[in-house]
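Participant: Below, each chain spelled out in residue letters.
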Amino acid sequence: MSQENTEETQATETTETFEPKIMAFVCNWCTYAGADLAGTSRMEYRPNVRIIKLPCTGRIDPLFIIKAFENGADGVLVSGCHPGDCHYTAGNYHAKRRWIAFRSLMEFTGIDTRRLQFSWISASEALKWVDLINNVTDEIKALGPFMDFKNLKG
Amino acid sequence: MEKALREKARELLTTGEANVIIGYEWNRRKTRATPAFITKADEVDRLIFNPLCVNNLSIYLTRKNKDILRMGKPAIVAKGCDIKNIVVLISEGQVKREDVVIIGMSCNGVVYKQGLWKGELRPEIMPVKCHNCDVRNPHLTDFVIGDHIDFTPPETPRGMVFDKIAALDAKTPGERWSFWLEEFSRCIKCYACRQACSLCYCERCITEKNVPQWIETSAHQRGNIAWNLVRAMHLAGRCTFCGECERSCPANIKLNLVNQKLVLTVKDAFDFKSGYDEKIHPPMIVFSPDDTENFIK
Chain A
1 MSQENTEETQ ATETTETFEP KIMAFVCNWC TYAGADLAGT SRMEYRPNVR
51 IIKLPCTGRI DPLFIIKAFE NGADGVLVSG CHPGDCHYTA GNYHAKRRWI
101 AFRSLMEFTG IDTRRLQFSW ISASEALKWV DLINNVTDEI KALGPFMDFK
151 NLKG
Chain B
155 MEKALREKAR ELLTTGEANV IIGYEWNRRK TRATPAFITK ADEVDRLIFN
205 PLCVNNLSIY LTRKNKDILR MGKPAIVAKG CDIKNIVVLI SEGQVKREDV
255 VIIGMSCNGV VYKQGLWKGE LRPEIMPVKC HNCDVRNPHL TDFVIGDHID
305 FTPPETPRGM VFDKIAALDA KTPGERWSFW LEEFSRCIKC YACRQACSLC
355 YCERCITEKN VPQWIETSAH QRGNIAWNLV RAMHLAGRCT FCGECERSCP
405 ANIKLNLVNQ KLVLTVKDAF DFKSGYDEKI HPPMIVFSPD DTENFIK
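Protein chains in written order, with my numbering: chain A, 1 to 154; chain B, 155 to 451.
Don't take each hint at face value.
Dumping the calculated BS3-like pairs for lysine-lysine here, alpha-carbon to alpha-carbon at most 27 Å [to be verified]:
(1) B:Lys-325 to B:Lys-157
(2) A:Lys-150 to B:Lys-408
(3) B:Lys-318 to A:Lys-128
(4) A:Lys-53 to A:Lys-128
(5) A:Lys-150 to B:Lys-227
(6) A:Lys-67 to B:Lys-451
(7) B:Lys-363 to B:Lys-267
(8) B:Lys-325 to A:Lys-53
(9) B:Lys-157 to A:Lys-150
(10) A:Lys-67 to B:Lys-408
(11) B:Lys-220 to B:Lys-157
(12) A:Lys-150 to B:Lys-325
(13) B:Lys-267 to B:Lys-194
(14) B:Lys-157 to B:Lys-267
(15) A:Lys-21 to B:Lys-408
(16) A:Lys-67 to B:Lys-227
Honestly, the hints are just simulated from the structure, not real lab data.
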C-alpha cells in the first residue's frame, strides 16, 4: 500500500497535475480562528494547505520551518495576529524580529523565499485567509515541487 | 607587556582578588599558545601574551565548564574581541560583572591560525576581524595591560568574509544553495563549532534533544543543513564574529559567512551590534513596535 502511494506521488509530481504540500503554522487566536470562520462560512479554498495550530506566533521556532521543508513541504506559510493584537501582548513582535533574521538567513542559504510566506490574519479576516491560500498555492504550483530539499540523498 | 601581565596576575592571586587566572601559556614545544589556568602566585611566569594567543578564553566563564567555575573567582586575560563575548554573557545574565576580573590586553591583532606564524605578524595572516577591529584598546576592563594603540578601522568593514558575502548575495538562489550544500556536506557533526563558542552555553543543546529528534545527528545533508542553520539562527544578534567556530572547524566550513551575514542583517534591521554594552539586552529577546519589514503580507 505504502509502496503504491510513493509511486503515485512521484508520478503526480512529475506531471502537470502537481499538487503542492503547504504547511501553515498559525496562531490559535487569530489566524486559526480566521480559518475556522472561513470554514463555518462555507468558503472554498485550495485543499493543499496543512494547518498546524500553535498558541502564538512567538512559539514558532525557525526549526519548525526547516523541519517542514525536510519532511517534504513545498511551501511554508506562517501567520498570526496583526501587530498589537497578540493575545499574549507581544508574542508576534518577538516573532517578527525572529523572522526578519531567519528570512535573511534562508535567503542567504539559497532557499527560494517565495516558498516561505508570512502574513498577519485576524479572526475576522476569513476572506484574506482564503485569498492567501489560493494565491500561495497557485504561486507554489507554478514553481513546482521543492526539489532542493527532496533531492538530498538518504 | 608580559611582565606587566605577570605582575598583575601575581598581585591578584596574592591579594586573593582572584583565585584563578585564565590566560595563555606555551605548549611544551613552545610552538603554540594554549589556555592556562594559574592558581598559585609562583606559577604566574607561565603566562604569555603574543599574536599566537588566538583562543577566545571567555568560554571558560560559561556553565559549560563547571570544573573551572569551581576553581573560584576567575581573572581572565582577554583581548578586545574576547571582551565582546564577555559583554554578551553579562547582558544575558550568564556572568555577573563583579564575579569576574577582566585583564584587558591591548592587541595589535592575532594570527588566523597558529600554524601560519613565522615569527612576525603580517597583515596576510591576520583574520578579517583584526583588520576591522575597533576594540584594540579593550572596552570593558578592570585593568588594561599594554600601551594605547592608534588604529582606526575602515568605515565600512572590509575583507574576504565581506567580499564573499557580497559575491554570494549577487548570485542566484540556486547557486547559493549549491554552494552551501557543498560546504555543509563536509560537516561531520563533531560540534567543535558549538564547543568553541562561548555563546553556545546551553547545557542541553537542541541537537541532543531526541524526543522528537529535531536535528538528525548522522552526518547527513538534511541534518547538516538543519544543524548549521539553526546554530547560526541561535546566534543571531549575539554573535560577535570572534571566528572561533570557523577556526575550530576540522572541515573548514565557512561558518563566518553565515554568522557575519546575520550580524549584518541585525545591524541593518535593528541597528544593533553585539558585544559593546553589557546593559543593553540582545535584540532577539526584546522588540520594538517600530520594527519594519517588507515581506509580511
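Participant: Determine for every hint whether it applies to the structure shown.
Facilitator: Right, here's what the structure says about each hint:
no.	hint	result
1	B:Lys-325 to B:Lys-157	51 Å, violated
2	A:Lys-150 to B:Lys-408	24 Å, holds
3	B:Lys-318 to A:Lys-128	41 Å, violated
4	A:Lys-53 to A:Lys-128	18 Å, holds
5	A:Lys-150 to B:Lys-227	52 Å, violated
6	A:Lys-67 to B:Lys-451	23 Å, holds
7	B:Lys-363 to B:Lys-267	33 Å, violated
8	B:Lys-325 to A:Lys-53	36 Å, violated
9	B:Lys-157 to A:Lys-150	60 Å, violated
10	A:Lys-67 to B:Lys-408	23 Å, holds
11	B:Lys-220 to B:Lys-157	30 Å, violated
12	A:Lys-150 to B:Lys-325	22 Å, holds
13	B:Lys-267 to B:Lys-194	30 Å, violated
14	B:Lys-157 to B:Lys-267	25 Å, holds
15	A:Lys-21 to B:Lys-408	33 Å, violated
16	A:Lys-67 to B:Lys-227	42 Å, violated
Hint compliance for this structure: hints 1, 3, 5, 7, 8, 9, 11, 13, 15, 16 are not met, and every other hint is.
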